[in-house]
Amino acid sequence: MRKWASFPLKEGDVSRQAHADFPEQAIYERETGRSGFFGPATHFHHRHAPTGWTDWQGPLRPHLFNFNEIGVDNSNSPWAVPDLLFNAHCKMRTWRLKDNMSKLVRNADGDELLFIHEGSADLYCDYGHMTVRDGDYIVIPRSTMWRLEPKEPMFILLIEATNDSYQLPEKGLVGNHAIFDPAMLDTPKIDAAFKAQYSESQWQVEVKRHGQVSVITYPYNPLDAIGWHGDLAVMRINWRDIRPLMSHRYHLPPSAHTTFVAQRFVVCTFVPRPIESDPGALKVPFYHNNDDYDEVLFYHAGDFFSRDNIEKGMVTFHPAGFTHGPHPKAFAAGREYKKKFTDEVAVMLDTRDALEMGTAALATENPQYVNSWKVAPQQAKE
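Residue numbering for the sequence shown follows full-length UniProt numbering, beginning at 1 and increasing consecutively.
No wet-lab data here; the hints were simulated from the structure. Each hint should be verified, as a subset may be incorrect.
[Claimed, not checked] Within a straight-line C-alpha distance of at most 25 angstroms, the following computed DMTMM-like cross-link-like pairs (lysine to aspartate or glutamate) qualify:
1. Lys-103 / Asp-122
2. Lys-103 / Glu-200
3. Lys-340 / Asp-303
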């Protein structure tokens, strides 16, 4: 994207470095930028919190959902659960599975990303067998046949790359082995467990295409590969294997935590890391304008330090078009932060195209979430 100016411009009392050493009279910084965190940007310094509103009217607003309360995501098939947040390029769903899947499934609409929020299972697919556990990401390429046999009840977050594929992000100056070494990606094995499920009994495959499901019947189990070779496969990485980029002097933007990319969205992972130790460095997420991307956060575990009253399984959705950032309590605590490490684990979905909200998601919304930034009228005058 072409920059408006070939060098940074400045006006008034400013810090020379973004996210650090703020002017004495202004403790609030706001970043406004384009193309997520990759395009041209300007940093404003304010006398008041950029989120210090006293009232909010109209349809553009932040949302908080409790996906623990979906209630209609219990199914033996991932194609039977509703879309919760979606657009033409991606779909987010939750899926609760207790029993072995009775049919194979295949997504002909795009790649599927499974994040195992709770539970564990055996995964059987075209490429073989692997065990999966809580915290695992599993990338399933388009039109791969697969099924799960739970070892304990499962709560799964699914993100579909509609008509697209998942790739690893470019890592630039830090090199290919940063964040996680590609050697950490696990693939299924044609092991004894996989061979044991070869069968001459009838099996069915549910194929999803254009959101509609067709059923194909075979007189045998079509997961009967004896070998494979190539550079396309089901891949797994656990958040515990991610080694986040860190800076003790600078609060890195969310883009530094990118795990997977597609054409019109990215998936990032926030994992425990040391908190910035430099006295002048910002220690909580900076206020920023969400002007080009919708931002979704699924909370998996720990204590998300930029806001309170958030539990695992909850989801925040900040649509493009307004400034957001840490809640007032978190911002105040961040100035005197005592903790040395964060202990949060969260999955972030940032989409270039506006997301729609499904009725099942809306049924779990907390309508008071917008007021969690709200300040009292007398505070606004100070």
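Verification of the hints:
1. For the hint linking Lys-103 to Asp-122, the alpha-carbon distance of about 14 angstroms falls within 25 angstroms, and the restraint holds.
2. For the hint linking Lys-103 to Glu-200, the alpha-carbon distance of about 15 angstroms falls within 25 angstroms, and the restraint holds.
3. Taking the CA atoms of Lys-340 and Asp-303, the gap is about 13 angstroms. The hint holds against a cut of 25 angstroms.
Comparing the model with each earlier hint shows no violations; every hint is respected.
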